[in-house]
Amino acid sequence: SSPPPPPPPPSLPNLLCPSMHGYYWMFELSPHWSQLEDDEAKDRFDVDVSVTNPEKVGDGMNAYMAYKVSTRTSLTMFRCKTFSVRRRFSDFLGLYEKLSVKQSLHGCIIPLPPEKSVVGMTKVKVGTDDPSSVEFVERRRAALERYLQRIVSHPSLLQDPDVREFLERDDLPRAVNTQTLSGAGFLKMINKASDAVNKMTLKMNESDTWFDDKFQEVESEEQQLRKLHAVVDSLVTHRKELCGNTAVFAKSMAMLGNSEDNTALSRALSQLAEVEDKMEQLHQEQAASDFFIFAELLADYVRLLGAVRGCFDQRMRAWQRWQEAQSTLQKKREAEAKLLWANKPEKLQQAKEEITEWESKVTQYERDFDRIGMMVRKEVLRFEVLFVSMHSELCFCFKFQLIKFWEAFLPEAKAIS
Amino acid sequence: MTVCVLNVDLQTDATLQVDISDALSERDKVKFTVHTKSSLPNFKLNEFSVVRQHEEFIWLHDSFVENEEYAGYIIPPAPPRPDFDASREKLQKLGEGEGSMTKEEFTKMKQELEAEYLAIFKKTVAMHEVFLCRVAAHPVLRKDLNFHVFLEYNQDLSVRGKNKKEKLEDFFKNVVKSADGVLVAGVKDVDDFFEHEKTFLLEYHNRVKDASAKSDRMIRSHKNAADDINRIASSLYTLGTQDTTELCKFFLKVSELFEKTRKVESRVAADEDLKLSDLLKYYLRESQAAKDLLYRRSRSLVDYENANKALDKARSKNRDVLQAETSQQICCHKFEKISESAKQELIDFKTRRVAAFRKNLVELAELELKHAKGNLQLLQSCLGFMKTNT
Numbered sequence: 001s002s003p004p005p006p007p008p009p010p011s012l013p014n015l016l017c018p019s020m021h022g023y024y025w026m027f028e029l030s031p032h033w034s035q036l037e038d039d040e041a042k043d044r045f046d047v048d049v050s051v052t053n054p055e056k057v058g059d060g061m062n063a064y065m066a067y068k069v070s071t072r073t074s075l076t077m078f079r080c081k082t083f084s085v086r087r088r089f090s091d092f093l094g095l096y097e098k099l100s101v102k103q104s105l106h107g108c109i110i111p112l113p114p115e116k117s118v119v120g121m122t123k124v125k126v127g128t129d130d131p132s133s134v135e136f137v138e139r140r141r142a143a144l145e146r147y148l149q150r151i152v153s154h155p156s157l158l159q160d161p162d163v164r165e166f167l168e169r170d171d172l173p174r175a176v177n178t179q180t181l182s183g184a185g186f187l188k189m190i191n192k193a194s195d196a197v198n199k200m201t202l203k204m205n206e207s208d209t210w211f212d213d214k215f216q217e218v219e220s221e222e223q224q225l226r227k228l229h230a231v232v233d234s235l236v237t238h239r240k241e242l243c244g245n246t247a248v249f250a251k252s253m254a255m256l257g258n259s260e261d262n263t264a265l266s267r268a269l270s271q272l273a274e275v276e277d278k279m280e281q282l283h284q285e286q287a288a289s290d291f292f293i294f295a296e297l298l299a300d301y302v303r304l305l306g307a308v309r310g311c312f313d314q315r316m317r318a319w320q321r322w323q324e325a326q327s328t329l330q331k332k333r334e335a336e337a338k339l340l341w342a343n344k345p346e347k348l349q350q351a352k353e354e355i356t357e358w359e360s361k362v363t364q365y366e367r368d369f370d371r372i373g374m375m376v377r378k379e380v381l382r383f384e385v386l387f388v389s390m391h392s393e394l395c396f397c398f399k400f401q402l403i404k405f406w407e408a409f410l411p412e413a414k415a416i417s
Numbered sequence: 001m002t003v004c005v006l007n008v009d010l011q012t013d014a015t016l017q018v019d020i021s022d023a024l025s026e027r028d029k030v031k032f033t034v035h036t037k038s039s040l041p042n043f044k045l046n047e048f049s050v051v052r053q054h055e056e057f058i059w060l061h062d063s064f065v066e067n068e069e070y071a072g073y074i075i076p077p078a079p080p081r082p083d084f085d086a087s088r089e090k091l092q093k094l095g096e097g098e099g100s101m102t103k104e105e106f107t108k109m110k111q112e113l114e115a116e117y118l119a120i121f122k123k124t125v126a127m128h129e130v131f132l133c134r135v136a137a138h139p140v141l142r143k144d145l146n147f148h149v150f151l152e153y154n155q156d157l158s159v160r161g162k163n164k165k166e167k168l169e170d171f172f173k174n175v176v177k178s179a180d181g182v183l184v185a186g187v188k189d190v191d192d193f194f195e196h197e198k199t200f201l202l203e204y205h206n207r208v209k210d211a212s213a214k215s216d217r218m219i220r221s222h223k224n225a226a227d228d229i230n231r232i233a234s235s236l237y238t239l240g241t242q243d244t245t246e247l248c249k250f251f252l253k254v255s256e257l258f259e260k261t262r263k264v265e266s267r268v269a270a271d272e273d274l275k276l277s278d279l280l281k282y283y284l285r286e287s288q289a290a291k292d293l294l295y296r297r298s299r300s301l302v303d304y305e306n307a308n309k310a311l312d313k314a315r316s317k318n319r320d321v322l323q324a325e326t327s328q329q330i331c332c333h334k335f336e337k338i339s340e341s342a343k344q345e346l347i348d349f350k351t352r353r354v355a356a357f358r359k360n361l362v363e364l365a366e367l368e369l370k371h372a373k374g375n376l377q378l379l380q381s382c383l384g385f386m387k388t389n390t
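Heads up: the protein sequence lines correspond to chains A and B, in order. Everything in the first sequence is counted per UniProt numbering, starting at 1 for the first residue and increasing by one. Everything in the second sequence is counted per UniProt numbering, starting at 1 for the first residue and increasing by one.
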C-alpha cells in the first residue's frame, strides 16, 4: 500500500494579513500585497462583503457616518443570498470587542479594526464637503471593507454568531465601550496580543539557536516597547504640565504688564502674555497630536510583534512538519536502501521521487517562514515612515505658527523706550 | 568671562571697570577671579586681580546695608549663593545607576548633566559680576573703602560666614524690621512722588515675585519635556541597534531626529531661563532693594516727626531744649538727604528696568525665532528623507 499523501503546504497565514490591513486607509495598496490577495482569493469561502455608500447622519458634534454593508453568499447558514444593513464605525469597533473576548476559542489573532481618528472625524462632523474630509471618509470606507473581508475569510470567525449578527441583523444594539485608545487601554492591548500568542505557542526544542535568538529578540523588543510607551506617557504628562504652567505664567505676565508704568513696556509685556497664551494652545495641540501619533506608532509596532509571534507559531508548526518530513525522508531512504538491496527498480524509482518531494517540502517550509518575516517587516517599515512623516509635518505646522507669533511680538519689544 | 545679560549701559566708564575674568568650582565653593582696570589714584596699580569667594561678596553687600551714609541709595542686591546641590545629586545618582543602563545612555546622560552644571556655573558667575558692576557704576558706592579693599587686597579677607548666634540676631532683626515696616508703611507721605512710588513698588514687587515663580515652573516643565524626548531617542536607538534590517535603520534615523529636536528644545528652555526667568528674578531682588530704600526713608521721616514732637515737648517744659534741637536738626538733615538721593535713585531704577526688559525681551524673541527656524529646517530635511524612502 502506498504511503498517505503528504499534507498540502500551508497557504500564507491569514494571521498576519488582517492585522496589517487596518491601516490601508493611509496609502495605496502596494502591488505586493495585491498579489497575495489574488492568491488568497482562491482559498476564499463563498462569502463576499462590501462596504459602500457613506452617508452623514445627524448634525453637529453628534453626527456620524453610516455605511452600507452588503453581503453576497451561497452559504446556507445565512437567511438570504444577498442582503445589506447600515452600520456605523462604532459598530465595527463593537464587533472587534466581542470577538476579542472569545479570542482563545478561535485560536487566531482577531483582525484589528481601523483606528478611531478624532481629528479626522471632527472635520467630517463640523466641516462641509472639503476634499480632505471626503478623502478621509473614502479611506475609512476602504479600511472597513478590508476589515470585514478579512474576518469572513476566516472560516472559524465566519461561524461566530456575532459576525453573522453584524452582517445580517437590521437593528444592531449600539456598542458602548468603544473608547479611543487611551494610555491604559493601550497597554491592555499590548498585553492581550502577547497573551493570545503565548497561549498558542508550543514548546520547541531549544537546540535550534536561530529560533531562540529570534525569540529573544522579540522579547527584548517588547520590553523596549513597554519602556518607550512609559516614556511617551511621561512626555504627554509633561507637555500637559507645560500647558498649565504656560497659561498660569501668561496671566502673571499680564498682571505685571498692568502694574508697569512705562506704557511701551506695559504693552510689550501684555503682548508677551498673549504670545505665551498662544504657545499654551500650541503645546496642547502638540501634546494631543504626539499622543495620537505615538499611540498609532506603538500600536502598529505591537501588531508587528503580534504578527511576528504568530510567525513563530507558524514556524513551529513548520519546524514540526520539517522534523516529520526529515524522519519520513530518513525512512524513505532506508526503504530505498532496502529496495536497492532487494532489487525492485520500480519501487526504487518511486522511493526516489518521494524523497525528492520531501526534500523540497523541507526547504519550502523553512523558506516560507523567512519570507513571511521579511515581508511583514517591510510593510511595517512603510507604516512607521508614514507615521514619522505625519509627526514631522504636524511639528512643522506648530513651529511655523510659533514663528508667526514671535515675529509679531518682536517689533513690540523693540518699541520699548 | 563677561557674559552679563543684566549689564545695561554699565560698561561705559573707563575710570573703573570691574569684571570676573575667571572662576573655579571646587568641591563646595566657587572661587571668582575679580579683575579690575582703573585709572583712579586710590589704587596702587592700573590693572590687578584678586580671588574672592561668595561669602566675601555678601560681606561687602552687608557692609553697604549697615552703613548709615548709604541709607538714601538703592543697595545693589546681593548675588544668590551658588547652588550646585541639585546638580551634584543628579550626577551622583547617575554614577550609582551606571550598571543599569547601556554605555550610550550613560555617556549621553553624563554629557547632559555636565552641561547643566556648566550652565548653573555660568549663571552664578554672571550674578556675581552684575553685583560688582552695579557698585562700580554707582557714583557714590564706587568710592566706598570696603569696595576698594575688596577689589585690591590680595589676601583672604577672613570674612567668616555668620555663626549661629549672628544668624539668629539677623533673624530677629528681620522680624523687627518687617513689623516696623508695616507700621511705617501706614504713614501717608506728604510728597506725591514718594506716595506714588510706594504704591507702585509694592504692587510691582508682588507681581514680579509671582511672575518669577511661575516662569520657573514653566521652564522646568519645558526641560522635563525635553528630557523625555531624550529618553525616547535613546529607546529608539536601542531598538534600532538590535538588528540591521531596514526597520532598524529607520529607527536609528528617527532616534537621530529626536536627539536633535531635544537639543533644540533644551536650548530654547535654557534661553527662556536666561532671558526671562533670570530677568524677573533679578528685578524681584532689585525691587526689594528699592522697597528697602523707601522703608529707610519712611523710617527717617517718622524719626523726624518724633524728633519734632520731642522738641515741642522739651520747649513746652523748657528742659533739654538744646539737646532736642540738635536731635531734631540731625533727623531733619538725614531725612532731607535721603529724600533727595532716593528720588534720583528711583528714577534711575525705572530707566534701568525699562532698558533691561527691552534688551532681554528683544533677545528672547530673536532667540525663539532662531531656534524655531532651525527646528523647521531639521523637520524639513527629515520629511525629505522620508519621501525618498517610500
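I should point out that these hints are in silico values taken from the structure, not numbers from a laboratory. Among these hints, one or two may not hold up.
[Claimed, not checked] Okay, the calculated beta carbon distance ranges per label pair:
#: 1; chain 1: A; residue 1: N258; chain 2: B; residue 2: K31; range: 52 to 58 Å
#: 2; chain 1: A; residue 1: S220; chain 2: B; residue 2: S381; range: 27 to 33 Å
#: 3; chain 1: A; residue 1: Q281; chain 2: B; residue 2: K249; range: 42 to 48 Å
[As the list claims (entries may be wrong)] To spell it out: a stretch of chain A is covered by chain B in this simulated footprint if at least three of its residues, at any positions, have a beta carbon under 8 Å from a beta carbon of chain B; those stretches are:
#: 4; segment: 229-243
#: 5; segment: 250-257
#: 6; segment: 404-410
Backbone N, C-alpha and C fix where the C-beta goes; we use that ideal spot for every residue, glycine too.
Structure-based check of each hint:
Distance hint check: the CB atoms of A:N258 and B:K31 are about 43 Å apart, inconsistent with the given range 52 to 58 Å. As the Cβ distance of A:S220 to B:S381 is approximately 31 Å, the hint placing it in 27 to 33 Å holds. For the pair A:Q281 and B:K249, the supplied restraint of 42 to 48 Å is violated, since their beta-carbon distance comes to about 36 Å. With 8 residues bearing a CB less than 8 Å from a CB of chain B, the segment 229-243 of chain A meets the requirement of three and the coverage assertion stands.
Given a C-beta distance limit of less than 8 Å, the hint that chain B covers the segment 250-257 of chain A holds, as 4 residues qualify and 3 suffice. By the rule of at least three residues with a Cβ nearer than 8 Å to a Cβ of chain B, the coverage given for the segment 404-410 of chain A holds, with 4 such residues.
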